[in-house]
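**Q** Each protein sequence line maps, in turn, to chains R and C.
In this text, residue positions in the first sequence follow the working numbering: the first is 1, and each later residue adds one.
In this text, residue positions in the second sequence follow the working numbering: the first is 1, and each later residue adds one.
Among the hints, a few may not be true.
Listed next, the in silico DSS-like pairs over lysine-lysine satisfying Cα-Cα at most 30 Å (straight line) [said to hold, decoys possible]:
id, chain 1, residue 1, chain 2, residue 2
1, R, LYS196, C, LYS270
2, C, LYS270, C, LYS332
3, C, LYS334, C, LYS270
4, C, LYS12, C, LYS270
5, R, LYS196, C, LYS334
6, C, LYS302, C, LYS332
Rather than coming from a laboratory, the hints here were simulated on the basis of the structure.
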Amino acid sequence: MTAPLLDIQNLVKHYPGRPPVRAVDGVSLTIAPGQTLGLVGESGSGKSTVGRTILRLQEPTAGRVLFEGEDVFALGTAPLRALRRRMQIVFQDPYSSLNPRMTVGRTLREPLEIHGLAPPAQMEARVTALLDEVGLDPAFAGRYPHELSGGQRQRVGIARALSVEPRFIVCDEPVSALDVSVQAQVLNLLADLQQKRSLTYLFIAHDLAVVRHIADQVAVMYLGRIVERAPASAIYAGPRHPYTRALLSAVPEPNPRATRARIVLSGDIPSPAHPPAGCPFHPRCPHPKKNDRCRTETPALRTTSDSPAHLAACHFAEEPM
Amino acid sequence: MTEPLLRVRDLKTYFVTEQGRGTARAVDGVSFELYPGETLGIVGESGCGKTVTSLSILRLIPEPPGHIRPGSVIEFAGRNLLTLAPSELRAIRGNQIAMVFQEPMTSLNPVFTVGDQIAEAAIIHQRLSRKAARARAIEMLTLVGIPDPAERVDHYPHQLSGGMRQRVMIAMALVCHPKVLIADEPTTALDVTIQAQILELLDRLQSELGMAVLLITHDLGVVAGQADRVVVMYAGQVVETARTTDLFDGPLHPYTEGLMAAVPRIDAPKSRLQAIPGQVPAATAWPSGCRFHPRCPHAWTKCTIEEPPLLGLGDGDHTARCWLVQEPGRRKPKT
C-alpha cells in the first residue's frame, strides 16, 4: 500500500470556555495520494474545524498531522509558508472569500507573486491559463467579484487555490451555496482537475448525495468524532453506525415512488460544550439494542465484521436495525 | 371536479432596478391552481421567480421597487386578492392564508417570547383573550411536537435550536387553522436529520388539519416526497406542470430533464453529473423566443424566435412550455 499523503493522528481542537467546546475530539484519518476523502457531518460536527486545523488556519489543541511525512504542527513560519504552496483550501462561500476590491486578475496574481512563481513578464499568461483551466474566459481577469455569478466566483476560488500548484486541497462545502445545475458543473470541474493534476482532496460536505459523486473514502463525523469510516461504495451500500444509517435514510430522494423507509431521529444535535457521556449519539440513537453500556462506555472506532477497511464506533455495529 | 381554492392567473411582478438599468421581469405571466387538501410544489433555481410568486400572493412585495402588473389575478374564495382593500387583505393574511419562511432566525422577533408571537394572530383574527391565546399557543407548541410546551411558551427565539424555531414558525402559521399554507423553502436552512423531522411534521399536520400546501423549493428530492403536483419555473415563467409521478416518470421540458440529471443521487456510483451548460439569464434581459433556448441541447431556429405556450400532453394534466411537445421528432438522442 502506498504511504498516505496526509496522516491525521488523534487531532483535538477545543475552544476555551467553561466548559470548553470540544469541536474536534480525537480524529484520526489518512488520505492516499490522488484520492478524495469525503468528510460528512451536520452543523457543529467539527468537520470544517478539521479542515482548517490541518492547514493551521487554526492552531490545534493536540494531535499530529503528517503531510508527505512532514510534521505540520511543528513547522516554523518560513517552512509553513512553503507548505501552504502544497496545501490549499476552497471555501464554501465564494461571496465572502474573495476580496471585493480586487479584480479577479489581481486575486490570481497575488499568490503567484508571494511565492515568486512567475516572472512579471509571464504573469498575464499564467492568469489566462488559470482562468482557462477553470472554464472562464480571459476577460474575467478585469472583473470584480460582484460582477460574477455564484458559480463563476467559485471557479475563481478554485483557480486561486490552483495557482500555487498544490498537491492537496481542502474543499470546504465548495458547492453547497450553488444551484443544482451549477453545482454539477463545479463538481465535474473538481473531478477533471483532480485527474489532470493528480490532486488529493479532503472534501467536506453535509450533503451525502454530493459526496457520493466525488469521494473514494467517506468518514462521518458526529460531535467532534469520527463515527464511521469506509470506502464510499461500502458505506453507501451498508452503513453500520446508526447515525450514518439515519443520515442516509433522511436524504430526500428525487423519486416519488421511493420506498426507502426514513429513520427520523428525535431531538437535536447536542452542544459540543456538553457532549453526552458514553456514546455521544446515545440520546438520539434509535438502535433496538441500545443499553446501559452505550450510556457509559464510549465506543472505539473499530473494524467491523464487513471488512478491515470498514470502521464504525458503535457497540452494536453488526446488529440489524 | 372540485373548485380550486387559490387560482393564480397571468401574474406579473416586475422590479425597477437600481440606476435605471431597466425592469426586472421576475415573475412574468405565471398561472396555476391550488386545490383543497393538496400539496403543490413549485420548484426552480435561484432567480426563477418562485419566491416572488409566493410573496405576491400575500402582497408582501415591497413597492417600490416592485409592482404587480394590472391584469394579474390572484383569486381566493372568489375574490381577487390584488384588488382588496388593505383591511380586507389583513383579514385573510395570517388567518386563511398563512406563510412559513426559509429563515426562522430572521423571521422571528428576538424581543418577544415565542408564546406571544404565536398568540398574536389568534388575538387579532379570532379575538381571543390573552389568557385563551396563551392556552392556544401552548396547544400549538404541543401540536408541532415541542417538548415541555408549557415552559417553552415563555422562551425567546435565541433559546431555541434551528429545528425548534422552524417548529415555532409553523405553529405561528397554523394558529388560525388556515386553508392555505405557503411554505417557502421551509427546510433549506436545516440539517438533513432535522429536515426529515420537519417534513414529517408538515405531512402529519396537513392530514390532521386538511389544509392545502404550496411548497416552494429548489430541491427535487423534497418535491418528490411531498408534492401531489409540481410546477417547474424557469426565468420567471412556468415551464412545466404535471402530477408528481408523471413529472419524474417522463419530464417533457429539457430544463426539467436537465435539472433531474444534474441532481446528485445517493444511489448512483461515483460518477460525473450531467450539468446544464451556461447559467440562468438576467431578469432584465430574458432571451428571445424560448427563454431556455441558449442552454437547450435540442433548440432549433423556431425556438430562438417564437416563445412557446404551455402545450399539453394527453388529458392536459401534463404541460410544458416547449415546441418539442408538438414536434417530438426534433428531440435529439441522448449522447
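**Q** So, for every hint listed, does it hold in this structure?
**A** Do the hints match the structure? See the list:
Note on R/LYS196 and C/LYS270: the hinted pairing holds, with a Cα-Cα distance of about 18 Å set against a maximum of 30 Å. Distance check on the hinted pair: C/LYS270 and C/LYS332 sit about 27 Å apart at the alpha-carbon level, within 30 Å; holds. Only pairs whose Cα atoms come within 30 Å are accepted, and C/LYS334 paired with C/LYS270 is accepted, the gap being roughly 21 Å. A distance of roughly 42 Å separates the Cα atoms of C/LYS12 and C/LYS270; the hinted pair therefore is violated under the 30 Å criterion.
The straight-line distance between the Cα atoms of R/LYS196 and C/LYS334 is roughly 27 Å, inside the 30 Å bound, and the hint therefore holds. Our distance criterion of 30 Å between C-alpha atoms is met by C/LYS302 and C/LYS332, whose separation comes to about 15 Å.
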